[in-house]
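First residue of the sequence shown? That's 43 in the working numbering, and the numbers climb one at a time after it.
If you're looking for bench data, these hints aren't it; they were derived computationally from the structure.
Just to be clear, a hint being listed does not mean it is correct.
Now the in silico label distances, taken between C-beta atoms and shown as ranges [what the hints assert, rightly or not]:
no., residue 1, residue 2, range
1, 160, 254, 31 to 37 Å
2, 191, 240, 17 to 23 Å
3, 151, 270, 35 to 41 Å
4, 72, 158, 25 to 31 Å
5, 290, 258, 15 to 21 Å
Small disclaimer: the values here were computed from a predicted structure and weren't measured.
Even for Gly, the Cβ is constructed at its ideal location relative to N, Cα and C.
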Amino acid sequence: MSERGRPRIGLSTSSVYPESTAHAFAYAASVGYEAVEVMVGIDALSQQVDAVRQLSEHHQLPISAIHAPCLLFTQRVWGVEPWGKLERSAAMARAVGAEVVVVHPPFRWQREYARDFVNGIAALEESSGIAFAVENMYPWRASRRSLEMYLPGWDPSAEPYANTTIDLSHAAIARSDPVAMAERLGPRLRHIHLTDGTDSAKDEHLVPGRGDIGAAAFLRHLAATGFTGEVVLEINTRRCTTREEREADLRESLEFAIEHLAAVAVDADEGS
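The task is simple: from the sequences and hints, build the whole structure.
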């Protein structure tokens, strides 16, 4: 919880792609974010513990989470053995002072990995002391059909994970009410990827407020229920053609988060 009486608001390094992890820290410091989530990816610097720690120290920004390299395009980052990748993610988190590793559920073709995923995550949490916050995903849409591409499933509220992540863009693709998911998860909701989306088959990761998943209402729900985890902006700024345009999107996102996470306290003051 931030000293401002609301959850800490961080920036995912993926929000400035195709710019680098180093650029992400610089943007976060310039705009006024309170922490950074590091997406371990194809940027070699993001894979190096010492480099990530030095960026954190240089910009005086704590690292709120490490996002394990479990996306399609990061399948070969840190090798191809999934449990080894998660162990390295936990080691990085410990080394840089983060308490959370964000992880996606396995793809259907990762059958051996998926077979004991729920129990394996619990065992990793116990052995590492790091929270593995399993993220909600979505059915893949192909023409008029939906394909279930994750095992044991895309909805973390259906499994007994101790820690979970809600991503609003993923909720939009799944046509899943994020407030209802948060209510199902209760205290097991540890981490938020704040973004937005529409009824699209694409993972849009819009600036919050530009979609229709109900990002404002979701933040107000978090505030009203006393959420104490991390809120991390994870938006897509690839269409930005200048630094100024990208920075404007990052600032708009931060201001949106502050406004709606603080709205419950403001409403209470006005009603007293």
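Verification of the hints:
1. 160 x 254: 31 to 37 Å: holds (32 Å)
2. 191 x 240: 17 to 23 Å: About 20 Å separates the Cβ atoms of residue 191 and residue 240, which means 17 to 23 Å holds.
3. 151 x 270: 35 to 41 Å: holds (37 Å)
4. 72 x 158: 25 to 31 Å: violated (44 Å)
5. 290 x 258: 15 to 21 Å: Holds - the Cβ-Cβ distance for residue 290 and residue 258, about 19 Å, lies within 15 to 21 Å.
The structure fails hint 4 only (numbered hints given earlier).
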